[in-house]
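Enquirer: Fit chain H to the known structure of chain S by using the hints.
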Amino acid sequence: MAFLEVKQLKKQFGNTRVLHGIDFSMEQGEVVAVIGASGGGKTTFLRCLNFLEMANEGTIDIVGGFHFDAKESYTPKQIREMRLQLGLVFQSFNLFPQYTALENVYLPLQLRTKERIRGEYPFGRARRAAIAAALEENRTRAKQLLTGVGLADKMENYPWQLSGGQQQRVAIARALAQEPAILCFDEPTSALDPELTGEVLRVIKGLKEQGRTMLVVTHEMEFARNVADRVLFFADGVIEEEGTPAELFTNPKSPKTAAFLKHTDI
Amino acid sequence: MDFWQITAKLFEGFGVTCLLFLLTLVFSLPLGLIISFGSMSKFKPLSWLCRTVVWIIRGTPLMLQLFVVFYVPGMLFGLQPFGGENGRFIAALVAFVINYACYFSEIYRGGIEGTPRGQYEAAQVLGMTARETFFTVILMQVVKRILAPMSNEVITLVKDTSLARVIAVAEIFFINEMDFLSKGLVWPLFYIAVFFLIFVGGLTLLFRYCEKKLSYYKV
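Chains as they are written, first to last, in numbering that gives the first Met the number 0: chain S, 0 to 265; chain H, 0 to 218.
Note that these hints are calculated values from the structure, not bench results.
Here are the computed lysine-lysine pairs in the DSSO-like style, where the Cα-Cα straight-line distance is at most 30 Å: (1) Lys113/S x Lys153/S; (2) Lys113/S x Lys142/S; (3) Lys43/H x Lys9/S; (4) Lys41/H x Lys70/S; (5) Lys76/S x Lys43/H; (6) Lys212/H x Lys142/S; (7) Lys113/S x Lys143/H; (8) Lys153/S x Lys212/H; (9) Lys142/S x Lys143/H; (10) Lys261/S x Lys207/S; (11) Lys70/S x Lys43/H; (12) Lys153/S x Lys211/H; (13) Lys6/S x Lys252/S; (14) Lys76/S x Lys41/H; (15) Lys204/S x Lys252/S; (16) Lys158/H x Lys211/H; (17) Lys8/H x Lys158/H; (18) Lys217/H x Lys142/S; (19) Lys6/S x Lys255/S; (20) Lys9/S x Lys255/S; (21) Lys6/S x Lys204/S; (22) Lys217/H x Lys113/S; (23) Lys9/S x Lys41/H; (24) Lys212/H x Lys143/H; (25) Lys6/S x Lys70/S; (26) Lys153/S x Lys143/H; (27) Lys217/H x Lys153/S; (28) Lys211/H x Lys142/S.
What the simulated footprint calls covered on chain S by chain H, stretch by stretch (three residues with Cβ under 8 Å from a Cβ of chain H suffice, anywhere in the stretch; the number is not a length): (29) 84-94; (30) 106-115.
Since the model is a prediction, treat every value here as computed from it, not as a measurement. We put the CB at the ideal spot given by N, CA and C, even for glycine.
One chain only, chain S, in its complex shape (with noise of 0.2 Å):
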């Protein structure tokens, strides 16, 4: 079974039918980046598959048994922890400003654990005991990511005080925390100088060497050829062409893949 099947994904605002009907599926530690022209389908996508938008058709099959299918409805609760088995980097960061990077990184996932623990435990002392535990160990997982995407010395700092580049880099380790089954990237380096965005796909790529499945949505032609496994190029709201970079970049089948590439410079 793959990690995330999806299978005739429609999606419309209003009159305006932006996908129109998707199947795709990926594997375990599989790295795949959408491409494709602005309006081509390849964000909302994304955010179908994170639940920020309501598929209005189609099934989304993500690996630890979660099933949705547009035609039920769910609870917030259960799209909560369909969203969970996702992680979902934006392209404008999103920190939450009036928090330091580690904490950014560190209580939503204090939030989670806490939710955990008060099921566990009714009430008392060893559910207050359990929860400080769960603060420290939060924590030090917190520094241990922001270590890790390089940001050892920036855990204290306010998102202000910090680069495009590396708020980016504070928003993958806050994804990173929630250990999700697939990261997901939507642009992570759009909104940045292009001086920038090179700190940011080094640790896409990073995470790629650790095994991590991601679905890249990006612009960037050149990480796409050299990081990705597998390449999707969106248009007019279908998967108009998909394969290998090598394939897909150097004998697109598509005309409008080929017209795509043309116009991109790489």
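Expert: Structure of chain H alone, referenced to chain S:
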């Protein structure tokens, strides 16, 4: 009338003014938040109702509202809700709380709706519930965003309390104006101004301190 007698009377009136000011804040700050949630509600009749109330309250003079609250229950329905010893004060408080809650609700609404959607989405994908999102992520950003408009509104309230005079609440003007009107003393008028200036000056410093306290992050 010598200086010290008038000073004592001013303090007496100013005590009432301060009490009206503080109690209005205590009740209208949370009420405003409730009204702002109401007017942002997805349940249309509720948001329509809240927005209409805010429109009426913001669209009519506070002085008129004071008269309505104090006199209309008795004149139309024969009720005496404000008949007790502190009746006039309570009537003024009710009118002020309703009026200021409506103004505050719009400030809250601006602050909450001014929060970028990305903040909500980031919280969502990190598995936060709606309640966790509001209290751990959104609230402190709203506080920072509304601090300046809030300080404006609060300072306005200090001076608006003097309107309570129209239903004969014994605030600073009501109990001192006879000195001015019948004895022809001009200086007590300016003396009253000093009370307000000092009070507002203190508030200004307090808000500046809060702003400084919150300057460690930017929204």
